[in-house]
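Peer 1: Spelled out from the first residue to the last, the chains are:
Number of protein chains: 2
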Amino acid sequence: MGKILRINMNDLTVKTEELGEYAGLGGRALTSSIIAKEVPPLCHPLGPNNKLVAAPGLLTGTTAPSSGRCSFGCKSPLTEGIKEGNVGGIVSQKLAHLGYSAVVLEGVPKDDKLRMIHINKDKVEILPADEFKGMGNYQTVTKLAERYGKVGIISIGPAGEQKLSAASIAVNDPDNRPTRHAGRGGQGAVMGSKGIKAIVVDDTEAPGVEIKDRDEFKKWSKVFSDGLLKHPVTGKGLPTYGTPILINIINEAGGLPARNFSNGKFEQATKISGEQLVENCKDRGGKATHICSPGCVIRCSNVYNDKDGNYLTSGFEYETIWAFGANCDISDLDVIARLDRLCDDIGLDTIETGGTIAVAMEGGLLPFGDWDRAIKLLDEDIRNGTPIGKLIGSGAVITGRVLGVTRVPAVKGQNMPAYDPRSIQGIGVTYATSTMGADHTAGYAIATNIMKVGGYVDPLKPEGQVELSRNLQIATAALDSAGLCLFTAFAVLDQPETFEAIYRMLNAQYGLNLTADDVAELGKKVLKIERDFNTRAGFTNKDDRLPEFMYQEPVAPHNQVFMVKDEELDEFWNF
Amino acid sequence: MGKILRINMNDLTVKTEELGEYAGLGGRALTSSIIAKEVPPLCHPLGPNNKLVAAPGLLTGTTAPSSGRCSFGCKSPLTEGIKEGNVGGIVSQKLAHLGYSAVVLEGVPKDDKLRMIHINKDKVEILPADEFKGMGNYQTVTKLAERYGKVGIISIGPAGEQKLSAASIAVNDPDNRPTRHAGRGGQGAVMGSKGIKAIVVDDTEAPGVEIKDRDEFKKWSKVFSDGLLKHPVTGKGLPTYGTPILINIINEAGGLPARNFSNGKFEQATKISGEQLVENCKDRGGKATHICSPGCVIRCSNVYNDKDGNYLTSGFEYETIWAFGANCDISDLDVIARLDRLCDDIGLDTIETGGTIAVAMEGGLLPFGDWDRAIKLLDEDIRNGTPIGKLIGSGAVITGRVLGVTRVPAVKGQNMPAYDPRSIQGIGVTYATSTMGADHTAGYAIATNIMKVGGYVDPLKPEGQVELSRNLQIATAALDSAGLCLFTAFAVLDQPETFEAIYRMLNAQYGLNLTADDVAELGKKVLKIERDFNTRAGFTNKDDRLPEFMYQEPVAPHNQVFMVKDEELDEFWNF
Numbered sequence: 001m002g003k004i005l006r007i008n009m010n011d012l013t014v015k016t017e018e019l020g021e022y023a024g025l026g027g028r029a030l031t032s033s034i035i036a037k038e039v040p041p042l043c044h045p046l047g048p049n050n051k052l053v054a055a056p057g058l059l060t061g062t063t064a065p066s067s068g069r070c071s072f073g074c075k076s077p078l079t080e081g082i083k084e085g086n087v088g089g090i091v092s093q094k095l096a097h098l099g100y101s102a103v104v105l106e107g108v109p110k111d112d113k114l115r116m117i118h119i120n121k122d123k124v125e126i127l128p129a130d131e132f133k134g135m136g137n138y139q140t141v142t143k144l145a146e147r148y149g150k151v152g153i154i155s156i157g158p159a160g161e162q163k164l165s166a167a168s169i170a171v172n173d174p175d176n177r178p179t180r181h182a183g184r185g186g187q188g189a190v191m192g193s194k195g196i197k198a199i200v201v202d203d204t205e206a207p208g209v210e211i212k213d214r215d216e217f218k219k220w221s222k223v224f225s226d227g228l229l230k231h232p233v234t235g236k237g238l239p240t241y242g243t244p245i246l247i248n249i250i251n252e253a254g255g256l257p258a259r260n261f262s263n264g265k266f267e268q269a270t271k272i273s274g275e276q277l278v279e280n281c282k283d284r285g286g287k288a289t290h291i292c293s294p295g296c297v298i299r300c301s302n303v304y305n306d307k308d309g310n311y312l313t314s315g316f317e318y319e320t321i322w323a324f325g326a327n328c329d330i331s332d333l334d335v336i337a338r339l340d341r342l343c344d345d346i347g348l349d350t351i352e353t354g355g356t357i358a359v360a361m362e363g364g365l366l367p368f369g370d371w372d373r374a375i376k377l378l379d380e381d382i383r384n385g386t387p388i389g390k391l392i393g394s395g396a397v398i399t400g401r402v403l404g405v406t407r408v409p410a411v412k413g414q415n416m417p418a419y420d421p422r423s424i425q426g427i428g429v430t431y432a433t434s435t436m437g438a439d440h441t442a443g444y445a446i447a448t449n450i451m452k453v454g455g456y457v458d459p460l461k462p463e464g465q466v467e468l469s470r471n472l473q474i475a476t477a478a479l480d481s482a483g484l485c486l487f488t489a490f491a492v493l494d495q496p497e498t499f500e501a502i503y504r505m506l507n508a509q510y511g512l513n514l515t516a517d518d519v520a521e522l523g524k525k526v527l528k529i530e531r532d533f534n535t536r537a538g539f540t541n542k543d544d545r546l547p548e549f550m551y552q553e554p555v556a557p558h559n560q561v562f563m564v565k566d567e568e569l570d571e572f573w574n575f
Numbered sequence: 001m002g003k004i005l006r007i008n009m010n011d012l013t014v015k016t017e018e019l020g021e022y023a024g025l026g027g028r029a030l031t032s033s034i035i036a037k038e039v040p041p042l043c044h045p046l047g048p049n050n051k052l053v054a055a056p057g058l059l060t061g062t063t064a065p066s067s068g069r070c071s072f073g074c075k076s077p078l079t080e081g082i083k084e085g086n087v088g089g090i091v092s093q094k095l096a097h098l099g100y101s102a103v104v105l106e107g108v109p110k111d112d113k114l115r116m117i118h119i120n121k122d123k124v125e126i127l128p129a130d131e132f133k134g135m136g137n138y139q140t141v142t143k144l145a146e147r148y149g150k151v152g153i154i155s156i157g158p159a160g161e162q163k164l165s166a167a168s169i170a171v172n173d174p175d176n177r178p179t180r181h182a183g184r185g186g187q188g189a190v191m192g193s194k195g196i197k198a199i200v201v202d203d204t205e206a207p208g209v210e211i212k213d214r215d216e217f218k219k220w221s222k223v224f225s226d227g228l229l230k231h232p233v234t235g236k237g238l239p240t241y242g243t244p245i246l247i248n249i250i251n252e253a254g255g256l257p258a259r260n261f262s263n264g265k266f267e268q269a270t271k272i273s274g275e276q277l278v279e280n281c282k283d284r285g286g287k288a289t290h291i292c293s294p295g296c297v298i299r300c301s302n303v304y305n306d307k308d309g310n311y312l313t314s315g316f317e318y319e320t321i322w323a324f325g326a327n328c329d330i331s332d333l334d335v336i337a338r339l340d341r342l343c344d345d346i347g348l349d350t351i352e353t354g355g356t357i358a359v360a361m362e363g364g365l366l367p368f369g370d371w372d373r374a375i376k377l378l379d380e381d382i383r384n385g386t387p388i389g390k391l392i393g394s395g396a397v398i399t400g401r402v403l404g405v406t407r408v409p410a411v412k413g414q415n416m417p418a419y420d421p422r423s424i425q426g427i428g429v430t431y432a433t434s435t436m437g438a439d440h441t442a443g444y445a446i447a448t449n450i451m452k453v454g455g456y457v458d459p460l461k462p463e464g465q466v467e468l469s470r471n472l473q474i475a476t477a478a479l480d481s482a483g484l485c486l487f488t489a490f491a492v493l494d495q496p497e498t499f500e501a502i503y504r505m506l507n508a509q510y511g512l513n514l515t516a517d518d519v520a521e522l523g524k525k526v527l528k529i530e531r532d533f534n535t536r537a538g539f540t541n542k543d544d545r546l547p548e549f550m551y552q553e554p555v556a557p558h559n560q561v562f563m564v565k566d567e568e569l570d571e572f573w574n575f
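Protein chains in written order, with this note's numbering: chain A, 1 to 575; chain B, 1 to 575.
Hints in this document: simulated from the structure, not taken from any laboratory. Wrong hints could be hidden among the right ones.
The list treats identical chains as interchangeable, and a pair is accepted whether it falls inside one copy or across any two copies.
DSS-like, lysine-lysine: derived pairs with alpha carbons at most 30 Å apart [stated by the list, open to error]:
id, residue 1, residue 2
1, K3, K37
2, K307, K236
3, K236, K212
4, K525, K542
5, K565, K110
6, K143, K528
7, K542, K110
8, K525, K150
9, K565, K37
10, K376, K143
11, K376, K218
12, K150, K212
13, K542, K565
14, K219, K236
15, K525, K271
16, K542, K37
17, K307, K3
18, K218, K236
19, K212, K133
20, K110, K218
21, K3, K271
22, K222, K565
23, K542, K528
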């Protein structure tokens, strides 16, 4: 097992510890365990008692395909509960190669100077970074790569420096672009509160990850890889179209929220579809398929160029296209790509930011469809920290409160992503019950409700959704701890040998004897640790509810409300 | 008993009902009972399922001195819990004279038209009021009095129309000035959400309040009156200086929060003291003593003129002078009076608004002491509904979140009033445990901690504070139900016969046989009804805590933190 690197920003000291009581944990299991044990649940998220943890998964740094995720965890400034968000990019494997299971940022500095952390095999340094003040993530990673070469970079943009609740943490991708974000929950604000602009990780001559039984590992790694390549979603759908393939699929299902969740279909969906995106990529010299992290066989990312063939953005995801597209009534894919680029550069969660602008549109701050003003809100207001910028950067619930909007589609302070829970009831259970607030990745019921992966549960009926979401959330918590991409779940859910490969790889790597049950137990344990933190932070089952309007306002085209009863939602935690 | 008048803004219908299950209740007991029973605890405070209740107290409309309070209640947009705030002025007695125990506003209108309610002995009408859109409370009451004569007026200003969480409900005083406000918790926003600009109450030829035993009532009314006049606080201190007498007293005690609760003393306190205010009133032809409601013998209100002798404001209270003075580092009483006048006119809670500006000062939006900008924030930004105005009008917690401020002195979303709980620990227990959020009036421990009324509990020690606050909160809930001004408590706490007079008057009025125990039981019942609503709305004992910094940052001059332990706070509800 690796070590824990603790960096105290109050006294600017660094120390390395054994994992100790956290032995056997990685990724989300480790971030959530550290936060739950060490952070007072009622502390201010931006104060000295919160911590920010970065943790590679248990398989990260090995040759296991699609295992390069890095979990970030803290008490969230957005939800005020526990938060974990994981991300691809190149940094997680480098941390693992250096032997770090977690990097923990503690305390807040006594001054208002900006600093960066530099980590290599020989030492860890806290260095001045005032020269980067207010700099976007793109320029930051370019300058850092000029100075340090091919390194992994964790960084924040102006939003994180301003400690905005929608601020993300960016990680550079294999092309050294800051396009992979631990977006949700404002973790960038916590990094900003600690005065850290960037963490540079150089794994040159690093020892690498120890594998106890290399032949066994190689065998099961191939099974896992074959499984991913064989499954229609991970082997064909995602590699061809990436996640934007969902625009047409979810629109057809009546679950693509248009204009701040006032319709389940968007008239202009085809203009912003994955098919259109792929066509643009081909016409303009972009890439319709691209890795976000070394060793990924799914390759669902993309590189999107503008009309003149110049790079515009990368990692241009379904949820982002929805957030600024259907949800804001913007149907120009190039405009949405610019908004995505701005979010990546300023360091903002695209889901929260798009959702907030939609709420601001409903609240009359700007008209629906006003993409020009939306771009200015990001590029001028949020980037430069005007009061309106700070407001939008604080997320949908805050913006809705300020503008007097009663229809704010959020749970536990976090805006809902790209699936209407009235048309796809299973994802509504995940939104309601997840320890993270409204988060599709916590238990991606779309798989079973819409894509018929892992069986089928009718999306329009309340029956079976709680059990579905529960099983998915448990499985996801385990995957997030292993460092595996969520998308491996498609193959894992449908193919028993692909699931078996996960614990077989863990056994081979660590010399363990885990069974399928142990994987499920790990997932359950993680969820319960998170739930316990939230309970101590003051959350109750009343927080496991969708907003009032989703129980009262039917949404087209199915004209349904959310029908899973409170008592059924409360059953979620019976495991 | 009176009747309940229900006005449904969804279908614009009016109906009158018997009290039914609410028989025997008045004031806060009635507003809280109606809200707890009829409003879904998880509803949106500005949506169709919230209700706004106005209820005169049980003694209101009689000749009982200082009994003219009107309770307003709803689910609060600021705290998201139950809310009651009561107010003097002339309207409550008129409602009682007309035989109404409560007016309940229900639903929200289907259009965005503004309306008003006109109530007299013959009928209740919903009338168009678009001509009043955006109008300040001063002009509104002037115009309504021109049209309707000497009437009671409940109104909102632009803040309420904008549905801002710091919006108050104004009531006109005997000089027809809108200076008495149900300020806390954003009740003006709920009135605004129902599209009601004003409620005009004309009690001409009204039947008046029935008294079962007039002689007995008269006798105990005199005992009550004599008791108020005899007690040094209600008979001398308040009638001479009004509440601003507290500036020097609380400053001396080290509990006057300066610059967003960063010091317990304000260097410029004498410049904004009650003594200075009285001197200015005398020099300029104002009034240092003045009634807010007919029949009050305490006369703690005032009329404050500017340097040229022109009327500036009235009901210029200690908490307001603190909020914009010490807390914002403004030491010019005339400036503070202008800010008070603006709050009254725009319809804003002075405590929340001053507290929010102090938080905004700490967050760098404007410098401490910048009174010119503070005036513009109110008179231009909030009045005209600019985004910054809407932000400030949403209160300190929201503003603190947007500006990244970690030191936000609030409980349950409501900013603390003018007493530092680290220097006066008893009031900290009230802030923490009150169902209302941080609210000094809920259990005014200052009486016993500082003024040695009702005994003495050392303000600097944690011992005895929970019991003190509990007893005060129970007594206050009963007084608020009777329609008696909180200030009668000073005499009631020290003089057994003054307390006895309360239930004797109730017995004489209603033909009852209440005892002292029944009064306490009523207070307990009210608190538990409110607590139950909050629990169903998702509140837990974790919400019964002060903000983190008050446990960690000692405040001068006593250099103490808040020391009442969590377990002791949890004991509060053991009754």
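Peer 1: Tell me the hint numbers this structure goes against, listed in increasing order.
Peer 2: The structure breaks hints 3, 6, 8, 11, 15, 17, 19, 20, 21 and 22; every other hint is satisfied.
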